[in-house]
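Note that the protein sequences, when read in sequence, are chains A and B.
Residue numbers for the first sequence follow my numbering, so the first one is 40 and each next one is one higher.
Residue numbers for the second sequence follow my numbering, so the first one is 6 and each next one is one higher.
Because the hints were derived from the structure by calculation, they are not lab data.
Please note: incorrect hints may appear among the correct ones.
[As the list claims (entries may be wrong)] Sample of chain A residues with no beta-carbon within 10 Å of chain B, all distances over it, derived: (1) Ala132; (2) Gly134; (3) His224; (4) Ala257; (5) Pro325; (6) Tyr357.
[To be verified] One-sided and incomplete, this derived list gives chain B residues near chain A with beta-carbon spacing under 8 Å: (7) Ala86; (8) Thr127; (9) Pro224.
Think of the CB as a built atom: it goes at the ideal place given N, C-alpha and C, for glycine as much as any other residue.
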Amino acid sequence: MIIRRPRWGRRVAGACAAIAIAIFAAACGGPAESGSGTSKGPGGVTNLTLGYVPYTDDAALFYAQDGGIFRSHGLNVKFVPQASPVAVEASMASGTEQFGFVTTPVLVNLNSKGAPAKCVSSVDGNQPATAAGDHTVLVAAKGSGIKSIADLKGKNVAEVQLTSLNSLAVQVLAKRAGIDPASIHQIAMPFPQMPAALSQGRVQAAVIVAPFADAALADGATVLTHPNADLFPNGTVTCLDAMGPYLKANPKVASDFRAAMNAAIAYCHGHQSACKATLASHLSLPPAKAAKAALSTNWNPALNPASITLIEGYMKQYGEITSEPAAASMIWKP
Amino acid sequence: MRLRAALVRYGSRLLVLVAALGLWQGLSAAGIISGDEFPSMTATARALGDQAGSAALWTAVGQTLAGWGAGLLIGGAAAVALGTLIGLNRFAYRSSIGVIEFFKTIPVVAILPIALVLWGVTLNMKIALVTFAVFWPLVIQVCYGVRSLDPVARDTAAALGVTGPRKFAVVTLPSAAPFIATGLRVSVAVALIVDIVAELIGGGSGLGTRILVAENAGPSQYPAMYAYIVVAGILGVLLAGVFAVAERRLLHWHSAQRADTVAPEPAAVVPVAS
């Protein structure tokens, strides 16, 4: 379900530290800084800028915009497409964006470095609890001889990023299957390149998402598991967040934003085709492809702190963070 | 005779292009490259045709050119000014060249998060990165150009009593011009690459963002993604062409431009000792 770019690679932690320093500096600059970027338009409408990573699971977010839900909540939101949540958070630190898409590992990383990023709303609901609705898959290449996760020992596994939920999941699954996670060669690779890498034998397994997974499965790759449904059922693995100082200065905007997103997610739950239709314009997809887009969600917009704690615990275990801030502090409360 | 030479030159280029496109289509048609991984030449051409008729493409090209142009202008002007000052003074040159060489090697992608934190996803972010990428290599080129002043010209100027700003305008700058021109020609491509990378990874508006959105939309949009990449390539060729022509016009008096064939470039010049 999560699209993150490999280009940031292992720099996530470093970038998070830079963002933390910038937020700290802005907070020290006084309350005027924290409200930067938000402006009131005509008729009391609040102008906002939101950074997002374009992919199919943004359908509810796109609907909040196209269906006029943001507008009816007094928000005029400008959308900025970006390659990764780290780029989104860096832009938020600059004050040019107020809200943005983040994945839970990046959210945790930021908070453990002292940057007070907080989830305000869900993107399109939490992870599904069953494999059927989850379109993130760990696949083994045809002819790789891999039948189970234990067979991944010593093999090359492609992941979109090396410090992501996907790479974390592979380590947790490996340990659970009784093999040393360090024995797996984790290789960063963009989703579009994974099907070819699998069929050419450059990697023997990959964590891949729809619609990219279709090509791999058509080439004969087999599904080993659905890591997110398996490890984080009903979990909050992504959210739309804002920075602590901004939220403190603009509680009304945050509350309107959350209400708008919750309304959009509830509408999309009942009207999926109307929601998916927004992908045609926002992702330039042909309408037929947009209608068939696979969304990984249970449509429940209530943020799940227990799943954030779980992910955080795994991140600590695998040395990605040193401190573990409480999950409740990473979710905005009015 | 000249017509024939031109025919041969452009004909051979066209032939290579057609052969490359044919090979691309052949590999796709033979199933060696799957359409789910890399689109065929015809599918990409179709996507390119669709985009050419849409305002979105031309807006994106304009946005990319804005970052490219402003960054190149600021970085170029700063490099010429500072490079000249450093090049004219042996002490300044010797004490600063190490720092310049150091900054030259810093990949722009490494400082992209800092630029994002400072400026966010704005035109200024793109301009700052392009300026940074263009400035360091060009400042070295300008230093070398200024320091490679022909001793005969220098002595003649001294004998004629040409000094100060006049010496700079009629002796130093013309002597350094070919170096600056070569540096600029290289910078044109560097600036475009950095600008598109800033859009692709950082998110500034332009061709890079269009490539990102098409890539993330899935395999059905690969033709559109590669069409944008082709546009970026064509843009690079056009801009480099414009600069090459401008260089020929402006530096027609220089020996490197006089020969009929392509002259050796003063790009990789060994720094003047001492």
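Against the earlier hints, flag every one the structure doesn't satisfy and list their numbers going up.
1, 2, 4, 5 and 7
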